[in-house]
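K.L.:
Chain by chain, the residues:
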Amino acid sequence: MVASPGQAGFRDTELLEQLKAGDEKAFAAIIDRYSAQTYRIARTITGNPQDAEDVVQDVFLTIFRKIGSFEGRSAFSTWLYRITVNAAMMKVRGREVRTEEDLERWLPVFDAEGRQLQPVEDWSSNPEKVLLQQEKREIIRQALATLPAEYRVVVALRDLQGLSGEEVAEILGLSLAAVKSRLHRGRLALRGRLAATFGGTE
Amino acid sequence: MISCKEITDLLADYLEGSLDQQTVQALEAHFSGCRTCDNFLETYRTTTNFLRELGEEEVPAELKERIIRFFREHRGRQEEEPGGEETGSG
Ligand SMILES: [Zn+2]
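If you're matching them up, the sequences are chains A and B in order.
Going by our numbering, the first residue of the first sequence is number 1, and it counts up by one from there.
Going by our numbering, the first residue of the second sequence is number 203, and it counts up by one from there.
You may find that some hints are simply not true.
What the hints assert, rightly or not - Taking CB as the label site, the calculated pair distances span:
#, chain 1, residue 1, chain 2, residue 2, range
1, B, E260, A, A28, 41 to 49 Å
2, A, L131, B, E260, 16 to 24 Å
3, B, E255, A, N48, 25 to 33 Å
4, A, D32, B, E255, 32 to 40 Å
5, A, A145, B, Q224, 15 to 23 Å
6, B, Q227, A, V109, 21 to 29 Å
7, B, L217, A, A145, 17 to 25 Å
Please keep in mind that the hints were generated in silico from the structure rather than gathered at the bench.
Using N, Cα and C, we set each Cβ at its ideal position, and we do this for glycine too.
In isolation and in its complexed conformation, chain A is listed as follows (with noise of 0.2 Å):
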């Protein structure tokens, strides 16, 4: 079990000094409480496993490191978060080949009238039916995977991890609008993709 970080981030400052100090004992800690999410948070943004633990294991390395310039001007999760995501977008970069065009062919079209061109049919409950847990989440893996990195992290912090919208902005470094909106369209594609798998005639 994994204790939940909670929405206010790591405060403990007594656990803080600890690491300050270098104490492994405080270290194990963090790990245990942090490892499984920031695990998640690289493994939605790389898109295998391997990386995702190569990842990790940078990010606590460099909390280590620097722990000691460690200032608690944000949380200490949101510090922790926003080394997993530059960890994990170094990891993307260069091999990445998402665009924004790949993530728009997968939106609602509308006509002038703000119509849907397109049928829209509701399959929300035929993966259920159909498959096992384990092929619902492999497809919808591969379907993170389409979007271009910069939404990936979006939908991980957000829809995966449930950060708040301000909690992310201050992660990435955007504003909340930013934030928002690429959850938004990050999703609306998500939500087509899966539609042609999921639906029948969609």
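Knowing the structure of chain A, use the given hints to seat chain B with the ligand on it.
P.N.:
Frame of chain A, contents of chain B with the ligand only:
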């Protein structure tokens, strides 16, 4: 009259519960009269639920142990790195 496109733009706020009561009523009236938007809402909601489920997925059983082992092996090579607190924006 609120259009299907405008409805679509408001879905995230609607699911988050951050719209005012009047807008919520307008949306819900639209959903009950527009099959397209109602289906779209359900599948959009399902998409976000799938993503949340992915966030609850088990991580590898030995992950923590491997990280702690890696950490022990590498902490000795700790070097002072220049630069202050890592910030994206400030
Ligand atoms: Zn409609």
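K.L.:
Lying within 16 to 24 Å: is that true of the beta-carbon distance L131(A) to E260(B)?
P.N.:
With a Cβ separation near 18 Å, L131(A) and E260(B) satisfy 16 to 24 Å, so the hint holds.
K.L.:
Is it true that the C-beta distance of E255(B) to N48(A) lies inside 25 to 33 Å, as the hint says?
P.N.:
19 Å, violated
K.L.:
Could one say that the CB atoms of E260(B) and A28(A) fall in the range 41 to 49 Å?
P.N.:
Given about 21 Å between the Cβ atoms, the range is violated.
K.L.:
Starting from the hint 15 to 23 Å, judge whether the C-beta atoms of A145(A) and Q224(B) obey it.
P.N.:
40 Å, violated
K.L.:
Would you say the C-beta atoms of L217(B) and A145(A) sit inside 17 to 25 Å of each other?
P.N.:
Hint holds: Cβ distance 24 Å, inside 17 to 25 Å.
K.L.:
Between Q227(B) and V109(A), does the beta-carbon spacing fit 21 to 29 Å?
P.N.:
27 Å, holds
K.L.:
Does the hinted range 32 to 40 Å hold for D32(A) and E255(B) at CB?
P.N.:
For D32(A) and E255(B) the Cβ distance comes to about 23 Å; the hint is violated.
Hints 1, 3, 4 and 5 from the earlier list are contradicted by this structure; the remaining hints agree with it.
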